[in-house]
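Generate coordinates for the entire structure from the input sequences, incorporating the hints supplied.
In order, the protein sequences belong to chains A and B. Counting from 1, position 67 in the first sequence corresponds to residue 67 in the working numbering; the numbering is continuous, with no gaps. Counting from 1, position 136 in the second sequence corresponds to residue 293 in the working numbering; the numbering is continuous, with no gaps.
There may be inaccurate statements among the hints.
What the hints assert, rightly or not - 20 Å max Cα-Cα, derived SDA-like pairs, lysine to any residue:
no.	chain 1	residue 1	chain 2	residue 2
1	A	K144	B	R199
2	A	K144	A	L133
3	A	K144	A	G134
4	A	K144	B	A201
Unchecked claim - Chain A stretches covered by chain B per the calculated footprint, using a threshold of three residues with CB under 8 Å from any CB of chain B:
no.	region
5	8-22
6	54-68
7	75-85
8	103-116
9	119-132
If you are wondering where the hints come from, they were derived from the structure by calculation, not from laboratory data. Idealized CB from N, CA, C, for every residue including glycine.
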Amino acid sequence: MSTRRNDRALALACGALFGTGVCVSGMVRPSKILAFLDLRGDWDPSLLLVMGAALALQAVAWGIVRRMRAPVLGGRFPGPSTGGIDARLAGGAALFGVGWGLGGFCPGPAMVSTVSGATGSLVFVASMAAGMLGYQWLDAVAGKQDEAMTPDAKDAS
Amino acid sequence: MSQFTPASALAGGALIALSLALMLIGTGRIAGLSGVFAGFLRGAPGDWTWRALFLAGAIAAGAVFMLVAPDTFDRVAPAPLWLVATSGVLVGVGTRLSNGCTSGHGLCGVSRLSRRSLVATGVFFVLGVLTATVIGHALRGAA
Numbered sequence: 001m002s003t004r005r006n007d008r009a010l011a012l013a014c015g016a017l018f019g020t021g022v023c024v025s026g027m028v029r030p031s032k033i034l035a036f037l038d039l040r041g042d043w044d045p046s047l048l049l050v051m052g053a054a055l056a057l058q059a060v061a062w063g064i065v066r067r068m069r070a071p072v073l074g075g076r077f078p079g080p081s082t083g084g085i086d087a088r089l090a091g092g093a094a095l096f097g098v099g100w101g102l103g104g105f106c107p108g109p110a111m112v113s114t115v116s117g118a119t120g121s122l123v124f125v126a127s128m129a130a131g132m133l134g135y136q137w138l139d140a141v142a143g144k145q146d147e148a149m150t151p152d153a154k155d156a157s
Numbered sequence: 158m159s160q161f162t163p164a165s166a167l168a169g170g171a172l173i174a175l176s177l178a179l180m181l182i183g184t185g186r187i188a189g190l191s192g193v194f195a196g197f198l199r200g201a202p203g204d205w206t207w208r209a210l211f212l213a214g215a216i217a218a219g220a221v222f223m224l225v226a227p228d229t230f231d232r233v234a235p236a237p238l239w240l241v242a243t244s245g246v247l248v249g250v251g252t253r254l255s256n257g258c259t260s261g262h263g264l265c266g267v268s269r270l271s272r273r274s275l276v277a278t279g280v281f282f283v284l285g286v287l288t289a290t291v292i293g294h295a296l297r298g299a300a
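In structure tokens:
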């Protein structure tokens with residue numbers, strides 16, 4: 001029970017750390033992300049330093065994880081990513097890249113930026129949620145069709 | 158208009174990594190933000206509370222910045238709203254298809270040299286730059 005409480009406290013605290021990080025780094029401002037992505041503008045390499053600092057620390061974290069048997073609060077560490085490199089991965093990343101380049105919003109910072117009440121942030125997060133829910137719905141429908149097909153396939157065999 | 162802010166970029170990047178690293182070491186979860194949000198929307202029982210709390214913590218931190226330093230945020234939308242809405246849908250669908258965004262693939266995955274994440278990150282960085290530079294520049298200018 002107390003593990004569960006610690007688990008929840010950690011999620012809240014880590015969320016606050018994340019929110020602080022994206023505010024401090026300026027990544028909550030799409031104009032700053034676009035200033036990096038748009039090479040024709042007044043180029044701002046800040047995003048590279050955000051990524052660089054984060055990657056260096058995160059690599060240390062993976063090093064710590066490799067020496068541990070299990071997470072501190074229980075559960076399991078993620079295994080090596082199992083999926084292959086397929087059209088779904090590349091196509092999804094491509095759609096994300098185009099969307100990122102058009103609006104300059106990263107999902108996490110965008111959610112944090114809704115506190116400003118800025119119309120752009122609200123429209124972005126609402127349409128991102130719609131995209132996710134639409135995808136989940138389509139995926140579920142496709143999954144049901146697969147299930148519906150399965151008995152036939154079994155009969156055939 | 159834009160300016161290079163190396164110190165705050167490094168400090169902010171370190172805080173973002175600390176958040177993701179503590180979640181990983183504490184609970185074994187890769188708290189990529191598109192995944193956290195999608196799971197929050199899906200609302201699966203037993204897997205929902207930590208996601209809601211993580212997002213609440215992030216938004217609460219943002220609210221503090223809004224009170225203390227409102228200039229942290231952009232007031233003006235980066236592009237016409239139809240373009241922002243289009244980009245939102247693309248980001249929503251794309252991150253679900255590829256299972257991650259800048260934090261999940263770009264930070265958590267790349268730092269463990271996951272081949273999937275390296276490919277995804279390479280693809281979205283190249284397309285992000287191309288789109289912003291070639292298409293976005295013109296479309297935003299037309300706003």
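Hint check against the structure, violated hint numbers in rising order: The structure conflicts with no hint, since it agrees with every one listed earlier.
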